[in-house]
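J.: The chain contents come next:
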Amino acid sequence: MTANLVLIIVVGVLVGSGVTLVLERSLTRILVGFVLIGNGLNVLFLVVSGPAGAAPILGLSGDPMADPLPQVMALTAIVITLGTTAFGLALAYRAWQLTGTDDVQDDLEDDLIRRRAARDEVSATFDEADSELPDEGYAGDSTLAPEDEVPA
Amino acid sequence: MVFLVTLHFLVAATSPVLVRMLDRRAFLVLALVPAASFVWLLGPVSRATEGRPTYEHRAWIPQIGLDLDFGVNALSGIVALLVTGVGALVLVYCAWYFRPHDTEIWRFSGVLTGFAGAMLGLVLADNVYVLYVFWELTTVLSFLLIGHNPERRANRRAALNALIVTTFGGLAMLVGLVGLHALSGTARLSEILADPPEPGAAVTASIALVLVGALAKSALLPFHFWLPGAMAAPTPVSAYLHAAAMVKAGVYLVALLAPAFADTPGWRPVLIGLGIATMLLGGLRALRQYDVKLLLAYGTVSQLGFLVAMVGAGTRSAAFAGLALVCAHGLFKSALFLVVGVIDRSVGTRDLRELSGLRQARPFLFVTTVVAAASMAGLPVLFGFTAKEAALAAFVDLGEDLGHPGWGLFALVGIVVGSVLTVAYSARFVWGTFADKPGVEPCTPRDFSPWFAAVPAVLAALGLVAGFAGPFLTPRFATYSDQFPAGSHEALLTLWHGFTPALWLSVVAVAAGIALFVWRRPVAAAQHAIVDRFPFPDAERAYQAVMRGVDRLAVEVTGTTQRGSLPVYLGIIMVALVVVPGLALVRAWERPEVRLSDNPLQIVVGVVMVAAAVLTVRSRRRLRAVLLLGVTGYGTSILFVAHGAPDLALTQVLVETFLLVTFVLVLRRLPPFFSDRPFNIARWWRVGVGTAVGLSVAGFAFVATNARTATPISAGWAEPAYEYGGGKNIVNVALVDIRAWDTIGELSVLVVAATGIASLIFLLTDRAGRQVRPRRVLTPDSNAWLAANLHDQRRSIVFEIVTRLVFHTVIVFSVYLMISGHNSPGGGFAGGLIAGLALMIRYLAGGREELDNAAPVDAGFVLGLGLAVAALSGLLPTLLGGGVLQSAIIDIPIPVLGELHLVTSVFFDVGVYLVVVGLALDVLRSLGSGIDAHMEDEDGGAPDPTKDKVPV
Amino acid sequence: MSDSLLDQLVLAPVILPLLGAGLCLAFGRFAEAQRVISILTLLAVVASACVLLVRSDQHGPQAFNVGGWPAEIGISLVADRLSSLLLLISTIVTLCVLLYSIGQGIVEFGRDTPLSVFYPTFLVLSAGVSNAFLSADLFNLFVGFEILLASSYVLITLGGTEARVRSGTIYIIVSLASSALFLIAIACVYAATGTVNFAQLALRMQDLPGSTATMLQLLLLLTFAVKAAVFPLSAWLPDSYPTAPAPVTAVFAGLLTKVGVYAMLRTQTLLFPTHELRTLLLWASVLTMVVGIMGAVAQSDIKRVLSFTLVSHIGFMLFGIAIASELGVAGAIFYIIHHITVQTTLFLVAGLVEYRSGTTNLDRLGGLARHAPVLSVMFFVPAMNLAGIPPFSGFLGKLALLEAGVDAGGWLALLGVAAAVATSLLTLYAVAKIWNRAFWQPLADPEDDTPVPFDPAVLGGSLHGRSGVSTATQRETTWKTDTEGERLPVRMALPTIALGLVTVALTVFAGPLFAMTERAAEELHERTPYIEAVLGDG
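Residue numbers (this note's numbering), protein chains in the order written: chain X, 1 to 152; chain W, 1 to 952; chain S, 1 to 538.
Hints are all accurate, no fakes.
Derived Cβ-Cβ restraints for the label pairs, each shown as a range:
{"#": "1", "chain 1": "S", "residue 1": "Glu-32", "chain 2": "W", "residue 2": "Val-815", "range": "33 to 39 Å"}
{"#": "2", "chain 1": "W", "residue 1": "Gly-549", "chain 2": "S", "residue 2": "Leu-494", "range": "40 to 46 Å"}
{"#": "3", "chain 1": "W", "residue 1": "Gly-406", "chain 2": "X", "residue 2": "Asp-120", "range": "45 to 51 Å"}
{"#": "4", "chain 1": "W", "residue 1": "Gly-549", "chain 2": "S", "residue 2": "Leu-203", "range": "51 to 57 Å"}
{"#": "5", "chain 1": "S", "residue 1": "Leu-43", "chain 2": "W", "residue 2": "Pro-672", "range": "48 to 54 Å"}
{"#": "6", "chain 1": "W", "residue 1": "Ala-202", "chain 2": "S", "residue 2": "Ala-515", "range": "27 to 33 Å"}
Calculated Cβ distances over 12 Å to all of chain S for the following chain W residues:
{"#": "7", "residue": "Met-21"}
{"#": "8", "residue": "Arg-25"}
{"#": "9", "residue": "Thr-54"}
{"#": "10", "residue": "Gly-273"}
{"#": "11", "residue": "Glu-400"}
{"#": "12", "residue": "Phe-673"}
{"#": "13", "residue": "Phe-807"}
Because the hints were derived from the structure by calculation, they are not lab data. Where a beta carbon is used, it is the ideal one built from N, C-alpha and C, also for glycine.
Produce the complete structure using the sequences and hints provided.
T.: The following block contains the structure:
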């Protein structure tokens, strides 16, 4: 099966530019990137469905039809992208509402640990050795219950 | 034998209840379990010591060789008796050791009883993995016991050290055992020992790993340091785990393997060398202790070294002596620990600088101590004496037996020096505990019930009895040692076998030991001087350094791998995509067979889309980026048309429009420009990754497409789509019938996404009520076409009129599209989306009240209804006897119009329609009305028209 | 029950929750109705999973072609031993978590709270997981992933607090990326073979040139590796999971990554039995184990420690897949089952700790062993299980994997064995640190540690969250002054204990269970039963 050069170029450019956007920090920009990738992948499904043809509707024309299966998959993908993107937009709005920007923030806990690494420290939970000696701890307590005494 | 072990755990589980009922006397009940086991074992053990071992086998997980194999042989039987016997006595002792109403003993009693069970299982196990199971159980339980009083930081650390060190050894041992299992083809110890695998590098490695475990457990150099720390545990625990039972596990394992593997390269040097080194180090340390409990702890370290050296020597007489020593040590050491416990509880200190005058106050206890200590020092008529005589005798002949005089001499000197130290610290213990010390006022111990002191007395007495029982014990111990080749003398336990070299050596040892004790001050000074002059590497510090290193490494590794930055994570994924399958791509690449395009339209649109995509990347204005994105979207739909996919094209156009408006609805709130970041290297990096990914995806497409040989499965769809699916539009039939399962899935995605949007926007706001219950509102001014409350500058009468005129028509059209979709382009998605757009127009024209008027329903309800309808229309055929999602074709004759060709899958499409409408409604309510409301909150009343202007 | 109906049982685990979700939404305003619907649905799913397990074990893989279309046209779902096992255990876990969250919801907000978001989303999540386990169609597998991902997006951002939005964003964006990868892989697979049906793929892959097949295999593996959090694609997980509400984190940790592992296992054994890529997979597993556990050692928050151990132990399963011997695969399956239950239990316990003490930060915890003995037992047993202490299931799975590694031989496999052993030691170290800090160490005097702001929307989506805030903050203060803390909320504790008992049961019934996993491994190696079940004989 030969490959459709134009379509593949379109796929490559759309996906490539989409990825470039996705690596940004602004959430809306990332979402734009993913929609771009999504469009690219829709075209990719055209690529893999082989040569163009008549619409896969019976009795429309006698020409050979285009492969319907990739169309179905693409359609499903389109709709799913719609749903997730809409949710992503709501998330971006929420982020903006909370922080005044839709930029994706770095993780705080990781930052703490990176600082420790930079300062050559041990983890916060490391138990440094000290001079205290282990002891079962009953030593020295002089509380004695009466029944411990021998009945005279 | 399984039931003995299980019994322990069952009773342990009930112990909290017992403690609640009987308080500390519950220990007496618990003691019955090991006692019963002891009695039960007497029979099998006596048979085993006469050479008739008993084994039992229960399958558990045969696939991995983990079966419940248990057995009593000469060695395990004797050790089992020791373990259960001492265990029972220690539990009895606990009934007086703990204070009444101690709040912690409900846990302690259970753990200790469980430990007794684990220990018994360990010695009775006849399967390498069962052995390991109980081995680790004893480790964990001792962790809990050492941490019995976790208030002190040092105790917690001691517990953790013991856990980590012994588990480290344990895991090494596990790998070794797996190796042995693999090499010998069986996991049963008795079979492995019966015919051991051919010696070789693999065997040596496995045995070495196993020995690491044994040494760690028995606290030999360099692992010895965890044992003194373990003295944080209550004294009964020290007496049981850290003298009689757990620390003997390593010795036991060595003794068990010695008959088969003593000739493995490195076995004797390691065991005898480390054993003697440990014996000397422990003895020296013991001489420097003031806490009598620590003194005993280091004494135990020393003795363990002695034992390992004996059982590891691998000659008949040495093995015999080793087994005898194990028993002797178990008796006298536990007795001494229990004595310390009594003193501690009655005087309140264990510091020998404060203890004084106890000999008069506690004569009985004194006698007990003297007997036990004498046994430790190896003085005549005691078990310790006969055993040590045998040991010395064995090592006198060691060189001869091994044909290696040098070794023998070294070992002999080593244990003699060790015995000297043993005598010395035994004396130090007795003196330190009971002697009257000048300048220290005599302690006044509290009275205790006599039973408290009776338990150690019993143990000491046993040591005395065993001393005279040599003739009885000798043949029984010999059953084990007879597995070794005969040596140059036949070992035996006796109080007198003439003026043998062994006897003279004992005399030397005792005399020198006494001397060491008498001149303890100069000795101590000398020790200090030496130790301070040449600081020996301290194993504990080394361990701490290792753990610290591990922790530091962990911090560094995590700091470098866990950047916490999303772009980095995505970048890694994308680079992985380029690199990993990319390499395969390079390998699979050959000159691709390409055609330029199927029709010129593709070229034209393609160019436009490429341009739009590049511009999208470059644009820093949000709206501009989104509009350019729209260009690519519409371009895609044209490509669909050009390819012969009308349904796709239709859906794509509608989706794109819907998405555009959604974007705009959100963007109206966000700043007009993307947060501007300086033009820097990172940007080039992004572009580079993007380009690489684009190229490799194109490459994948080329290679994959060219690789196609088989005909696609959809080739045969046309006929069944019509015959069976009852529709001319194959894509639609596929959506609602052939691959309806996918469609149901994507419906649920939409539903969930919609609910998620609502949950994010209407979060914790009273506006939720309004969202849940939309209601009609009356037009504020009657002359308005729509019930809009928008402000005049935002109202456009024309737009309102058009909206009102168009709306219902559009809705009807959408329904038509849904039904007709089965035979011509359209279907539930297209219909639903069009209806959604209609609602969108209502909202844009008239604001949120207008939206509520247009659709006075809860979006969630519509979504739920849609999903339920779709699912039910799938299940319905099942109830009609068909298959799930199987569609039936019904032709209903209608008088005038002719015939309605109805396919049940239409109901499914209705579900789709409803879900999509619900999604639209939800998006408009949330990102439209909801955001409006938020803005009104902030701007106080009227939303700022400029901000709120929505392009239509 | 007619046989045809019984055949369609394969669909129940997916269709029932979806129906339930729809009803839950439709009855959005009646919390009680939602609870009843959800519980009944999941009970039904568990029941059907049991039947499926029995049938697939006795009569071989249970295949059903949806809509009555022949397999090569329509979509077929298949429940073989592997799928049914994972299905059963995952649905049991889901049910327990649901009960737990109901208990928590009641505790947090009182009876009349409309949890209009949580229940339907949770049901859809379980539907997605089941679909992923059952699907015999590559694209439908994608849809299954999307279902569970979409619902996980909603669940992880429940309540929309700043922390959850931040971590949720990381999770969502990474998942979107993995979905894009999956689509690329599917498109390429279809381009090369002209089908997406697993059985047909299994046959057609053999005809492809080896290098092309390897390319497709790597595309799929990469996709699943992101979902399964395999190093170096794992860093997103510990950043995103811990902030979610406890039950959500629990079910994510238990199930979602395992779905990725399952997909790897399925594709490796069914589609690419001959190209094992052992070296690559072994390296990936070793690095995942070691780097993951290093992260766990460095953390100072219970949830984060657990998240890192989660990543690390994915390496164990990957190790089994890489070894690919029957024992290795059986061990991997057993370990998956063990890990699903134990990891979920531990996160639920962490939730209880958070509920009781208002935090899971080890610096602010202490004295739980004395003040909350039951809780400490509830933590200790699964923690030891996670650390692979015998005789618990974690040890059994690990043992099988070690044996498989030693049998396989070769220095890389032995390196894997060493890494596995080191990992379990460090896992023990990590959980022992938690134990020392939170349970043994006495609580530093309450004044000097500032109370963490308790998250109002523990079950987010609650529209009456404000009341949630007040009650939460009240409890915060009461806890701080009172070291006794609160009594364990029974309705949260019971499901946790139940799940803990399941983990113990895995040990008690390890014999039959392991036999089953080994039969499952055999089935995977033969391949023919699966293929014939889908395409029919010949």
